[in-house]
Structures are given as C-alpha cells and as structure tokens.
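Using the sequences and the hints given, assemble the complete structure.
Chain residues, written in single-letter form:
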Amino acid sequence: MPKLMEEEVFMAFATYATIVLLKMLLMAPITAYFRFSRGAFANEEDVAMKSPEASKKMLRSHPDVERVRRCHQNDLESVVPFVLVGLLYALTGPELATALLHFRLFAGSRLVHSVAYLGALPQPSRALSWMLGLLVTFSMAYRVLGHAMVL
Amino acid sequence: MPKLMEEEVFMAFATYATIVLLKMLLMAPITAYFRFSRGAFANEEDVAMKSPEASKKMLRSHPDVERVRRCHQNDLESVVPFVLVGLLYALTGPELATALLHFRLFAGSRLVHSVAYLGALPQPSRALSWMLGLLVTFSMAYRVLGHAMVL
Amino acid sequence: MPKLMEEEVFMAFATYATIVLLKMLLMAPITAYFRFSRGAFANEEDVAMKSPEASKKMLRSHPDVERVRRCHQNDLESVVPFVLVGLLYALTGPELATALLHFRLFAGSRLVHSVAYLGALPQPSRALSWMLGLLVTFSMAYRVLGHAMVL
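Protein chains in written order, with my numbering: chain A, 1 to 151; chain B, 1001 to 1151; chain C, 2001 to 2151.
Everything labelled a hint here was simulated from the structure, so no lab data went into it.
Misleading hints may appear alongside valid ones.
[Claimed, not checked] Using 25 Å as the maximum straight-line C-alpha spacing, the simulated DSS-like pairs for lysine-lysine come out as follows:
hint : chain 1 : residue 1 : chain 2 : residue 2
1    : B       : LYS1003   : A       : LYS3
2    : B       : LYS1003   : C       : LYS2003
3    : C       : LYS2003   : A       : LYS3
What follows is the structure in structure tokens.
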C-alpha cells in the first residue's frame, strides 16, 4: 500500500507536518513546567498534596503560564489548518521545489513565532511570523481549490 | 501519484474541507481587527509603542474580542473533527450525491453558525446550526465505523 | 479508489481515529449540559428568554463548566495531533500488531484521562494518562521521521 510514502512530495509533507506537530505538542510540557515553577494550577486535585492554605494560593493564573497557553492556542489555530490543507496540497502533485518552499517557510515562520511569543520579543516579530504562516496556508489552499473544485 | 485527486468524491471533500478551513482561518484576522478597533490586547509587547498609562489601559479583555474568540474556538472544536472524519469518510467510497449532501450541509451550517455568533442573533439560530454540523459529522463517523471496524 | 480502506492497518487507524474524535466531540454536549444545569452562560443571547435580573446572574463562569472546557481543550491539544501523526504513521506500513498497540494505548489513555478530569480523581491519574497518550504520539512521529525524512 504505502505508495503515498514513496512519493517525494508526500514524504516532504510528512516530514514537515510531523516537525510542526511535535513543536506544537512541546507546548504542553512547557505549560506544565511553568505551572510548577510559578506555582499556578487550575485544578484542585493538582494541589491536593499541599496544606489547605498553600493549595488555595496555588489555584491561580500566572502571566507566564497564560503566555505559553496563548502561544499553544495560536499553534492549534495555525498548525492544524496547515497540516490539513498541506495534506490536500501534497495530493495535487506540486513540484517538489515549490512544495518544499511552502513547507520550509511555514516551519521557519512557526519557529520564529514561538520564540517571539515565549520570549516576548518586540513586535512586529510575532505578527509578521504569524502572517507568513497564514500566507503559506492560503497559497496551498489556492492551489487545492484550483485543482479540485467540485461544489 | 495523485490518484486520490482524480476521484470525484475526494475532490469534493478537498473543496469543502478547504472552504471550511479557510473560514476558520479568517477568524484570526477578525480577532486582530477587534483587538485594534476596541483597544484590547493580551500581550505587553503588543502595546509597547503607546505611553505607559495608555498601554496599561489596553491590556484588557473586551466583550467583542471574547465573542470572536469563542466563535473561533467553536470552529476548532467542530471544523477540525469534520475534516478528519470527512477524510476517512471520503475514502470509504460513498455515492457522490450522498457525500455532497454531507459536505454542503456542514459548510452551510458553519456559515450560519459564524453569522449567528458574530451577529449575536437570537437563539436558537446558533444552537441549531451547531447541532446540524455535529449531526453531519456523526453521520460520516457512522459510515466509517460501519465500513472499517478493526478493533 | 478506496484501496487505503482495504488495508488492515489503515482500517484500524480509521476505527480508532473515529472513536477518539467522537469522544472529543462528546465534550461539547457535556459542556452544554453543565451550562444549563449550573446556569452559567457566556453569551447574552443565550439567556435572552429570562428576566433581565435573572439573565444577568446567569452570565457567569462556573467551576464545573470550566472543568469540562479544560478537558475539551486538552482533547484538542492531544487527540488532533494523534490523528494527524497517526495518519502518516499508518501510511508507513507498520506491522498490524504494533499499530494496534499504539492505537489501543492511546484510546485507553484518553478514556482514563477524561474520566480522571471530569471526576476530579486524585493525581497522578490524569497526569499519567496524559503522558501515555503523548508518548504514543511521539513513538509514531519517530517512525514517520525515520521512514520519510525529506528536508
């Protein structure tokens, strides 16, 4: 069966899709790290081992935790559509060089976006990297709709 | 390779999946528009160009921004499962007419949902459009499980 | 066309992907149930049928609703990457027994995770089930990258 996985464009898609999904998955452990280091939890059972007063204090939000969560949310909103549109795009049989350009630009833009978000770098670093990722996805969607428009 | 993209049912899926994903991606610029027009931001670096007092006032939540964000979140929770289940559904080889009925109903229901949410239309417009989208996804999942049940 | 759906590994993937996506979709009606039973809504139009004073009281957050929403969010962050990486993994042609082990472990871990989250079971039940699901996805991503690395 795995004919798809012998096509170079599809293999390139699989590589970059997995990389950006792994980057997105990494946000969860980073959130956990900030929850523990900042002492800011969301569930009572997460602080049950502390004394009642200490646990009450730890059921709070913390700016650092909220920042990671916003970054994670932006990944969900950007990376998942990229992978879904990218899958259809890879099936339209684009040139390998064109496809690689799309995938590399997106992966690079999301890396910059995460660093800019978590490091609170001055704008417009985060805004531009986010927009670049969006444009890559739009470009792939444009090709999919041009190739397979059945309404 | 692109045999899948020569199948009419799969092309119909690709068309509607891309359309609803584009609709979902559109929510991010709309959020940005409301953040700027309402002056309600989430990150300190986003308001760094203002004076300290002005920037402090703009680090707040605003009902209009929160409404778009809830609409975006509902898209994530509804559109992404539709595309994933729909991909498997398209691979089970359904009739084109049946598949188109599913895809059209879903795309229509999400369009109504977004208009009802952003326009704060009276209920049950939003509730019914949300439920219709859910039922379409359930119907496709039912066929997938009936076609390919390997536990 | 539906050659993919005649491959046993892909059918197993389709089965488990649909099951965990259905479980995720179920969180939305559960949220709705808690919103109605606890009287905690997010939109003015959702409480428009009540008297002005009653409706004002019902525009609030409630711990039970927030708990379901956090559980739903964790599903989005965990189940969607599993399905996307799992799709690519299934296309690499793994042994059926190995693939089934991955899919079953993930589905089981998410079931335990949801019960632990909604039931507020003592930790580390929720943390361990979440980590197991993450490890399964990492293991599948490892195989995808080993099989199809085109950078």
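> Going back to the hint list, which numbers does this structure go against?
Replying inline: Violated hints: none; all satisfied.
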